[in-house]
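Enquirer: Protein chains in written order, with numbering that gives the first Met the number 0: chain D, 0 to 177; chain H, 0 to 198.
Hints listed in this document are in silico derivations from the structure and should not be mistaken for laboratory results.
Hints are supplied without guarantee of correctness; some may be wrong.
Said to hold, decoys possible - Derived DSBU-like pairs (lysine-lysine); straight-line CA-CA distance at most 30 Å: (1) D:Lys19 with H:Lys22; (2) H:Lys143 with H:Lys72; (3) H:Lys149 with H:Lys169; (4) D:Lys19 with H:Lys47; (5) H:Lys97 with D:Lys16; (6) D:Lys19 with H:Lys149; (7) D:Lys173 with D:Lys120; (8) D:Lys120 with D:Lys132; (9) D:Lys16 with D:Lys132.
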Amino acid sequence: MSEVVTPTPAWQEQVFKVLKEGGIQQVSYVPDAGHAHVIRRVNEDPAMRAIVLTTEEEGVAVAGGAWLGGQRHALLMQSSGVGNCINMMSLLQSCRFPFLTLVTMRGEYAEFNPWQVPMSKATQASMELMGIKVYRAERADEVEDVVGAALDFAFEGGEPVAVLLSQRLIGRKKWLRH
Amino acid sequence: MSQVQSSNSVIDRREFVSALIAKCPESLIVTGLGSATYDVFAAGDRDKNFYLWGAMGGAAAMGLGLALAQPDKSVLVITGDGEQLMGIGSLATISAQKPANLTIVVLDNGHFGETGMQFSHSSLGTNMSAVAQACGITNSYQVKDMADLKRVEQNVNARQGVTFAQIMVKADDLPRALPSRDGVFVKNRFRAALGLAPF
Chain D
0 MSEVVTPTPA WQEQVFKVLK EGGIQQVSYV PDAGHAHVIR RVNEDPAMRA
50 IVLTTEEEGV AVAGGAWLGG QRHALLMQSS GVGNCINMMS LLQSCRFPFL
100 TLVTMRGEYA EFNPWQVPMS KATQASMELM GIKVYRAERA DEVEDVVGAA
150 LDFAFEGGEP VAVLLSQRLI GRKKWLRH
Chain H
0 MSQVQSSNSV IDRREFVSAL IAKCPESLIV TGLGSATYDV FAAGDRDKNF
50 YLWGAMGGAA AMGLGLALAQ PDKSVLVITG DGEQLMGIGS LATISAQKPA
100 NLTIVVLDNG HFGETGMQFS HSSLGTNMSA VAQACGITNS YQVKDMADLK
150 RVEQNVNARQ GVTFAQIMVK ADDLPRALPS RDGVFVKNRF RAALGLAPF
């Protein structure tokens, strides 16, 4: 069986490096292709814990528990998962938990699947309604800086912060298998 | 109305919670909103209690993050059937991580106590300890008698595997006992008890 090996874009390794050097020890996720490299790297790192979730809101609660116990946590999800988190995000405001989430966008650029679009349109605004500061990385050369700024804002400034990783950055999903 | 399971539960929830905490004095406790929060507070306020007043469905997942961060301490989640049902998937998430120091105690009265004692799924056919078992939490069991408190207490203190204990409690409507609703205060107090800076 032959496998097409797509080289991992450099920005994905930079995301891992920022999390690692930023002292993140717990990374929870509902997978997305755009997060695949970071998930793999976290799984390989004995000093980090990769936590697969059944629904994204669990990750908001895990983040709170991690901070109660003195660890930094990051939640990886795609834009559709943001809607699943809304009420759980009240935890962040009620207790002022530092919080970092990285959100890969679907439904905004060359999207093939219309079902991804409604939540995509509401992703940024819904998080802002819940009091979360939302950054956005559009180009590969800004990812490292933006994720680093978000991490510092979360854990040094004590804020809940999200970074949207644009669909253009992640690239078109191939829908047809040959 | 579908079949309602008959309840022969005899355990008094406050008596059980109070006795359990007395036997696990060093444990870090996260409570699920509603009656479980009141039960834990009624047993005596502690710096190592984290009371949820919202974030329904999040207690067990919060316990997971805490247990992974503090592997040398016993973490005890005390919640109700309604709260745990909303976060039922977190049992699969916890099973995948297998934190040896995490115990989930569900005080199951088969009802949503805070909202007028409507039946929960637990009265309508769902066996929560069987769900936990099927999620891969092998040490999952029901407690129907105060004498079985010992088993739960040993599991909490031993830290030798995830435990899910479904405590069959009487469906009493007890007077509320209300801990602080200031989440920032409770968070910082909890962190201070672990030697961590506020924030």
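Enquirer: With reference to the structure, classify each hint as holding or not holding.
Expert: These are the hints, each one checked on the structure:
A threshold of 30 Å between alpha carbons decides the hint, and for lysine 19 of chain D with lysine 22 of chain H the separation of about 39 Å lies outside it, so the pair is violated. At most 30 Å may separate the alpha-carbon atoms for a hinted pair to count; lysine 143 of chain H and lysine 72 of chain H meet this at roughly 27 Å. Only pairs whose Cα atoms come within 30 Å are accepted, and lysine 149 of chain H paired with lysine 169 of chain H is accepted, the gap being roughly 19 Å. At roughly 29 Å between alpha-carbon atoms, lysine 19 of chain D and lysine 47 of chain H fall within 30 Å of each other, so this suggested pair holds.
With a CA separation close to 27 Å, the supplied pair lysine 97 of chain H and lysine 16 of chain D stays within the 30 Å bound. Pair hint lysine 19 of chain D plus lysine 149 of chain H does not hold up; C-alpha atoms about 42 Å apart against a cutoff of 30 Å. Of the pairs offered as hints, the one joining lysine 173 of chain D and lysine 120 of chain D holds, with about 22 Å between alpha carbons and a cut-off of 30 Å not exceeded. In summary, the hint linking lysine 120 of chain D to lysine 132 of chain D is supported, as the alpha carbons are separated by about 17 Å, within the 30 Å threshold.
As the CA atoms of lysine 16 of chain D and lysine 132 of chain D are separated by approximately 22 Å, the hinted pair is consistent with the 30 Å bound.
Hints 1, 6, counting from the list given before, are not met by this structure.
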